[in-house]
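Undergrad: Each chain, letter by letter, is given below.
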Amino acid sequence: MTTPLLVFFVLSALAVIGAVNLILQKHPIHSALSLIVVMVALAGLYLLMGAEFVAAVQIIVYGGAIMVLFVFVIMLLNAGVEEHTSLSKLAGPPGLLLAAALAAFVAATIARSGASVQAATQTGALSSTKGISEMVFKDFVYPFELTSFLILVAILGATVLAQREKS
Amino acid sequence: MVPTNYYVILSAILFGLGVFAFIFKRNVITIFMSIELMLNAVNLAFVAFSQALGKLDGQVFVLFVIVVAAAEAAVGLGIIILIARNRQTLNVERVDLLKL
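Protein chains in written order, with our numbering: chain X, 1 to 167; chain P, 1001 to 1100.
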């Protein structure tokens, strides 16, 4: 087994274990910490694929900013252990079946049609950060500006939603 | 070199786990986290295909997905704070105003 394959299996096992732990844990803070494990493992996979810029953004924005926001809200609301009613326990088996069917269907489809994708592999190391910056600021400049507008609207919305009403 | 299939199958597994968490969990914050898990699985597929096809479009899309996820997290957590303030619970079964 070659080294990249070994690294891939270690990181993917870490990601899957983190995702399963997210489901198994009862307290939201434990789920949040498992999600951070998944995100860091995915950042490692991006590095393995040679997408170092995406890996850095994944760590900074997902593992840093978004998860800090989650942990902050969990602590702010003093969220406790989640409670399950008998009706919601009923959702477990069908949900597991549906999710397994979905994952198996997607994986099977990919596994069958993957030959054509794989044929195009190994185009050599493309300098990804430079290429991404050129694409973002040339080909995708209008969508990029639109996302800044989206962020602005999101900030306004979050501020309006979370403020206390004066009365 | 790791085959692209492996990445995409891992992405499918993670997406399936996210769907299951979305259906099974009852805490609204955890449900929100499972949405983030699904977005991450999609990002993995994007980067895998970007690498397989030798084009950078996929990685640019990942950037946009991350931006949208950040905006969504800000607004969604604001809504969660509102729910907790108005109904004193984070259990989605107690948030049943639209239910007959």
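No wet-lab data here; the hints were simulated from the structure. Warning: the hint list may mix true and false statements.
Under the rule of at most 27 Å between Cα atoms (straight-line distance), these lysine-lysine pairs were calculated in the BS3-like manner [what the hints assert, rightly or not]:
| hint | chain 1 | residue 1 | chain 2 | residue 2 |
| --- | --- | --- | --- | --- |
| 1 | X | K130 | P | K1055 |
| 2 | P | K1099 | X | K89 |
| 3 | X | K138 | P | K1055 |
| 4 | X | K26 | P | K1099 |
| 5 | X | K26 | X | K89 |
For the chain P half of the interface with chain X, some residues (derived, Cβ under 7 Å), not all of them [said to hold, decoys possible]:
| hint | residue |
| --- | --- |
| 6 | N1005 |
| 7 | V1008 |
| 8 | I1009 |
| 9 | I1013 |
| 10 | I1031 |
| 11 | I1035 |
| 12 | M1038 |
| 13 | F1061 |
| 14 | V1065 |
All values derive from a computational prediction rather than experimental measurement. Heads up, the beta-carbon is just placed ideally off N, CA and C, and yes, glycines get one too.
Undergrad: Next, verify each hint and record whether it holds.
TA: Verification of the supplied hints:
Restraint check: the Cα-Cα separation between K130 (chain X) and K1055 (chain P) comes to about 13 Å, which is no more than 27 Å; the hinted pair holds. Taking the CA atoms of K1099 (chain P) and K89 (chain X), the gap is about 20 Å. The hint holds against a cut of 27 Å. Our distance criterion of 27 Å between C-alpha atoms is met by K138 (chain X) and K1055 (chain P), whose separation comes to about 15 Å. Among the hinted pairs, K26 (chain X) with K1099 (chain P) is consistent with the structure: their alpha-carbon atoms are about 26 Å apart, no more than 27 Å.
At most 27 Å may separate the alpha-carbon atoms for a hinted pair to count; K26 (chain X) and K89 (chain X) meet this at roughly 13 Å. About 4 Å separates the beta-carbon of N1005 (chain P) from the nearest beta-carbon of chain X, less than 7 Å, and the hint is met. With a cut of 7 Å, the hint placing V1008 (chain P) at the interface with chain X holds, because the nearest CB-to-CB distance is about 4 Å. Below 7 Å, beta-carbon pairs count as interface contacts, and I1009 (chain P) has one with chain X at about 4 Å; its hint therefore holds.
For I1013 (chain P), the interface hint holds, the least distance from its beta-carbon to any beta-carbon of chain X being 5 Å, beneath 7 Å. With 7 Å as the threshold, the beta carbon of I1031 (chain P) stays out of range of chain X, its nearest partner Cβ sitting at about 10 Å, so the hint is violated. The criterion of a C-beta within 7 Å of any C-beta in chain X is not met by I1035 (chain P), whose closest approach is roughly 11 Å, and the hint is violated. With its C-beta approaching chain X no nearer than about 10 Å, M1038 (chain P) sits outside the 7 Å limit, and its interface hint is violated.
Contact between F1061 (chain P) and chain X, as hinted, is not supported at the beta carbon level, the nearest pair being about 9 Å apart and thus beyond 7 Å. A distance limit of 7 Å between C-beta atoms decides the matter here; for V1065 (chain P) the minimum to chain X is near 10 Å, and the interface restraint is violated.
Comparing the model with each numbered hint stated earlier shows that hints 10, 11, 12, 13 and 14 do not hold.
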